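Number of protein chains: 4
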Amino acid sequence: MLTGKRVLIVGGDARQLTIARTLVERDAAVCLAGYENLHAPLPGTRLVDLAPETLAGFDAVIFPAKGIGEDGAVESLFSPKPLLLREAHFRALRGAVLYTGIAGPYLREQAMKFGLPLVVLFDRDDVAILNAVPTAEGAIMFAIQHTDITLHGSDAAVIGFGRVGMTLAPRLRALGARVRVFARQPEALARAYEMGLEPLDLGALRSEIRPVDLVFNTVPAPILTADVLAEMKPSAFILDLASAPGGTDFLFAEKRGIRALLAPSLPGLVAPKTAGKILADVLTRLIAAQKP
Amino acid sequence: MLTGKRVLIVGGDARQLTIARTLVERDAAVCLAGYENLHAPLPGTRLVDLAPETLAGFDAVIFPAKGIGEDGAVESLFSPKPLLLREAHFRALRGAVLYTGIAGPYLREQAMKFGLPLVVLFDRDDVAILNAVPTAEGAIMFAIQHTDITLHGSDAAVIGFGRVGMTLAPRLRALGARVRVFARQPEALARAYEMGLEPLDLGALRSEIRPVDLVFNTVPAPILTADVLAEMKPSAFILDLASAPGGTDFLFAEKRGIRALLAPSLPGLVAPKTAGKILADVLTRLIAAQKP
Amino acid sequence: MLTGKRVLIVGGDARQLTIARTLVERDAAVCLAGYENLHAPLPGTRLVDLAPETLAGFDAVIFPAKGIGEDGAVESLFSPKPLLLREAHFRALRGAVLYTGIAGPYLREQAMKFGLPLVVLFDRDDVAILNAVPTAEGAIMFAIQHTDITLHGSDAAVIGFGRVGMTLAPRLRALGARVRVFARQPEALARAYEMGLEPLDLGALRSEIRPVDLVFNTVPAPILTADVLAEMKPSAFILDLASAPGGTDFLFAEKRGIRALLAPSLPGLVAPKTAGKILADVLTRLIAAQKP
Amino acid sequence: MLTGKRVLIVGGDARQLTIARTLVERDAAVCLAGYENLHAPLPGTRLVDLAPETLAGFDAVIFPAKGIGEDGAVESLFSPKPLLLREAHFRALRGAVLYTGIAGPYLREQAMKFGLPLVVLFDRDDVAILNAVPTAEGAIMFAIQHTDITLHGSDAAVIGFGRVGMTLAPRLRALGARVRVFARQPEALARAYEMGLEPLDLGALRSEIRPVDLVFNTVPAPILTADVLAEMKPSAFILDLASAPGGTDFLFAEKRGIRALLAPSLPGLVAPKTAGKILADVLTRLIAAQKP
Ligand SMILES: NC(=O)c1ccc[n+]([C@@H]2O[C@H](COP(=O)([O-])OP(=O)(O)OC[C@H]3O[C@@H](n4cnc5c(N)ncnc54)[C@H](OP(=O)(O)O)[C@@H]3O)[C@@H](O)[C@H]2O)c1
Ligand SMILES: NC(=O)c1ccc[n+]([C@@H]2O[C@H](COP(=O)([O-])OP(=O)(O)OC[C@H]3O[C@@H](n4cnc5c(N)ncnc54)[C@H](OP(=O)(O)O)[C@@H]3O)[C@@H](O)[C@H]2O)c1
Ligand SMILES: NC(=O)c1ccc[n+]([C@@H]2O[C@H](COP(=O)([O-])OP(=O)(O)OC[C@H]3O[C@@H](n4cnc5c(N)ncnc54)[C@H](OP(=O)(O)O)[C@@H]3O)[C@@H](O)[C@H]2O)c1
Ligand SMILES: NC(=O)c1ccc[n+]([C@@H]2O[C@H](COP(=O)([O-])OP(=O)(O)OC[C@H]3O[C@@H](n4cnc5c(N)ncnc54)[C@H](OP(=O)(O)O)[C@@H]3O)[C@@H](O)[C@H]2O)c1
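Residue numbers (the numbering used here), protein chains in the order written: chain A, 1 to 292; chain B, 1 to 292; chain C, 1 to 292; chain D, 1 to 292.
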């Protein structure tokens, strides 16, 4: 279904291998830049240098999940050499669609400058929902590991009921926790209630947090502030899933003796293969749908 | 929390009684129009005539869930007399907020004309989600009643994954059905997958419907058309939950010997008390938040 | 897999048709007694008279789910004539294994007298567990139908945590009820707790029943006695699933205005096809395992 | 509720602290032997020497979860000195009931010799079921940690459907795995089927294991033998929960490149506090029920 599509994968980690394999299976012509150190060649792919003159003619370029640096540096798990993408490279990519997990200013700027369509995969709702599954499993793993009680019978709180919160909360309940969901939208609270969770207005966090053993934060804003932490049990455990710097006042938590952990990038950590497959599937669909 | 608020309830059914009781409990002053036949007076409420001159000074007016007729007629389960609301009535209501389940052109027009804020409760996401619970339970009841197999072990399909579909589908799975979800948005399919359901593109309905024993339609558009029905087992059962006329070609279904049922207004049918409470709770919140 | 097995089906209801079809599919030679009124012949079966001289040579005889009467009468949905099984019939069955749903004294006596192995299917744990599924679905259907509230958000109690209780209770929870389980064995209470239900000692029934909206009784003994009923809300609803006469003091319940329903034979009522399949599958396994 | 009961706790680990605290709360007089190194005294308890002359008059003696050694040695996390229990000690305990997690020959022999009732807590069904919860959570944690895929969407197998298997399998399904249950009893298979799991006869393990990604063994017998392992994917992961030496041919698994892990004592590892509470609760009930 990708017959005739030319795809370049630049840098990345284990997820890229799954992506490359999937695209090859679906008959794309796949080139890899920054993969000199691969143990064994990936059948059906070809290694290329990252020189502007080799970059013409691609239909799609796939950057690492975390995007590229502000100086154009691309990290690769499989290359000792730094990969650098300059204006000349982007100019040569004319005609290609760029795919990345997240996008910083530099990448956005270059794409804009050369009129290259830029698809930010983690901004897509479907990708974010699918990624929420390994995220939730990672959160469960950490919660089991870092506490001396079972999730079953525990008092848990999930803060935020977006893509991650809605994925995590029912899993905690299925494992036997009593789950409070703190959110600010009436429809999020209604959905939480429908799912058998206990909906609570985010505004009531401070007054309702007291009995909670386990807090999972998904809100990327200062939420577990000193005044909230002051109400919590010292034996409570906080797992902050929100993007750095998280929503927790970690210093104050430490002062109060409350263990709090920022846990970024769980999908790549606990399920790189699944995380790669999620990206591979959506990339297949998107590249197949590109106009020739 | 509703101290000082004056509320008028005009017509309605059993749900209105729950609403009235709840508002009284929360200290509103509640008047009822069209309630002459109540078996016993509702403590704390006062019966009023629907004359324009009695309608001044209310903060909120609550119409029946189904709204009012195009001629201004308001149905009441508790009155033998027809209730009629003319322009004069609406003019007298100046200063009040109007609340209704659904709103037809006449009500919208009158509200507009006299500058009365109109809140259409069933358009609210939170109300629709909460109402999806009795809807789903009604659907489950009908499915058990009208088939000779158990939901457990059955092949089910839920078409549409909005407020109702997302509520019904996981319940069917919890009861042991194998549940396919047909939807058209990638994020709906991703969410269905996350929930352990089988996501299928709505476009594949015709080719994937063959093994299905039970179809639950929630899409208010022609979906179960002749060409789809032609692929279904004659022993299949269709429950169409979408608003009238549903999404099923009922004539063709009958011709093929497939049982198909349009099941409107399930919340009022299977759980009037809960349905009333859902409205009462949101009305309390909304009226409390009205500026004085 | 039943090649060469000769099976006689005597009387019964819709479930027997599923049994007959399944056994034929698996290559048994199937004879039917008491099926003159079948609309259409069942392919692969043969109708026989119930005369002693036609009864020799069968490997297996299948009686109705409810067994046979004390006078040897066998009910059949498909025959106008009474079927009578006397000693002469049983004598002629020498060599056959008898299968029945439940067994009264007469059947047990005859089997004993002529040395015929008697398999009481509903006494088998596996059959009872599988039958508990349609039973639970029937209970859920009745509960939705007979109350004005949703199961979701309701306070439910399941009394007894055997084959039916353990099947019903988690389904109620999955639908959003708060489920108390009353049982007397510590291991039943432990299992209920593990499953996310609230375990309560049966001895505490009287003191803990007060908030309950929905009671499902599975204990075939006087459990919902006057002193317990006296503590219940008048708005509560009791569904008694235990074998007749149930565990409820129905007269006292009525006096208190509590609705109480005895609901026997749910599998045959709500899912005759599934119920037939459950029996057909276990009969296939058992007949296949009979020594020739 | 334990007023007047004299309880001696001999050796143990963190779980004993929870037990001691709970018994004190419930008004027992609690003595501790082998607790010299406690950071802080446990309020309400008294430290005692393990001399025969101090052992008279106890109603209950609580040994560590793992019991005592064959030479009478009792391990304690809180004592540098070896604790030794000889015949003289047991003789002095006349009148007491002995409680232990598991019991070896020496403890059984001494109890028998001096007519001391011996309660083996982990042999009790209720304790085993409650302990199955932290066991299942530990298994889930290991499975998330040791694989590069999510449980969601994985092909899992649970072997054995006793106290642990029945606790673990539905949790895996709730997390989105497809769960096969291998067991040998028809009623276990029926229960698995009712729970929405895929029941398979243990005899079919070899032929059905091929697609499985994750195997959880709970059968304490040679089950994952070379011929079964030979059918498995090299990428599969085996978590063996059965008591040592487990049911896996670990050497052969290694040879085939299949990762296999024996994971004993999970409750104490992942949830010592909950594990202690489980014991504390049952001990409270049992000691309270002892005749004076
Ligand atoms: N740790 C990991 O491995 C991992 C994996 C995936 C995602 N993440 C991170 O986790 C976070 C949540 O991701 P998501 O996909 O669930 O996002 P999402 O769908 O946008 O959900 C975010 C939730 O937080 C709420 N929220 C946002 N800003 C808020 C504010 N200022 N005050 C109150 N509530 C606020 C949102 O409520 P409204 O709807 O009212 O805005 C929503 O409920 C993000 O920071 C994301 O980067 C981490
Ligand atoms: N029977 C009852 O008692 C009862 C109770 C409540 C509601 N209802 C009715 O049930 C229906 C669903 O209600 P809801 O609250 O779930 O609505 P909703 O949240 O809007 O969901 C509707 C679903 O149908 C899909 N859909 C709508 N139009 C479509 C079209 N033309 N083609 C394909 N898909 C389409 C939507 O997909 P997109 O997101 O892609 O648009 C969405 O998945 C409505 O008709 C409502 O009136 C009936
Ligand atoms: N309505 C229907 O369609 C339908 C369908 C199937 C079954 N049934 C009936 O439902 C009832 C339950 O069936 P089942 O298969 O679940 O039976 P079961 O497995 O034997 O369970 C019965 C439960 O009741 C408890 N119990 C029995 N006698 C008791 C007593 N005297 N006092 C306290 N508790 C007692 C048992 O506890 P212990 O373990 O402590 O004894 C167990 O928890 C039976 O009467 C059966 O005939 C009805
Ligand atoms: N890793 C840990 O932290 C942890 C924690 C708790 C328990 N355990 C261990 O896990 C194992 C299971 O515990 P449990 O409480 O679930 O035990 P259980 O209730 O006795 O269940 C054992 C299961 O294995 C089956 N089984 C036993 N022997 C068998 C054999 N020879 N062949 C085939 N099937 C056999 C049983 O089937 P039948 O019913 O047919 O016999 C049953 O399904 C035990 O070894 C226990 O010591 C470990």
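Just so you know, not all the hints are guaranteed correct.
The list treats identical chains as one, so a pair stands whether inside a single copy or across any two.
In silico EDC-like links for lysine to aspartate or glutamate, alpha-carbon gap of 20 Å or less [to be verified]:
| hint | residue 1 | residue 2 |
| --- | --- | --- |
| 1 | Lys-113 | Glu-70 |
| 2 | Lys-277 | Asp-71 |
| 3 | Lys-277 | Asp-13 |
| 4 | Lys-233 | Glu-109 |
| 5 | Lys-81 | Asp-213 |
| 6 | Lys-5 | Glu-70 |
Hints in this document: simulated from the structure, not taken from any laboratory.
Since the model is a prediction, treat every value here as computed from it, not as a measurement.
Exercise for review: Against the earlier hints, flag every one the structure doesn't satisfy and list their numbers going up.
Suggested key: The structure conflicts with hints 2, 4, 5, 6, although it agrees with all the remaining ones.
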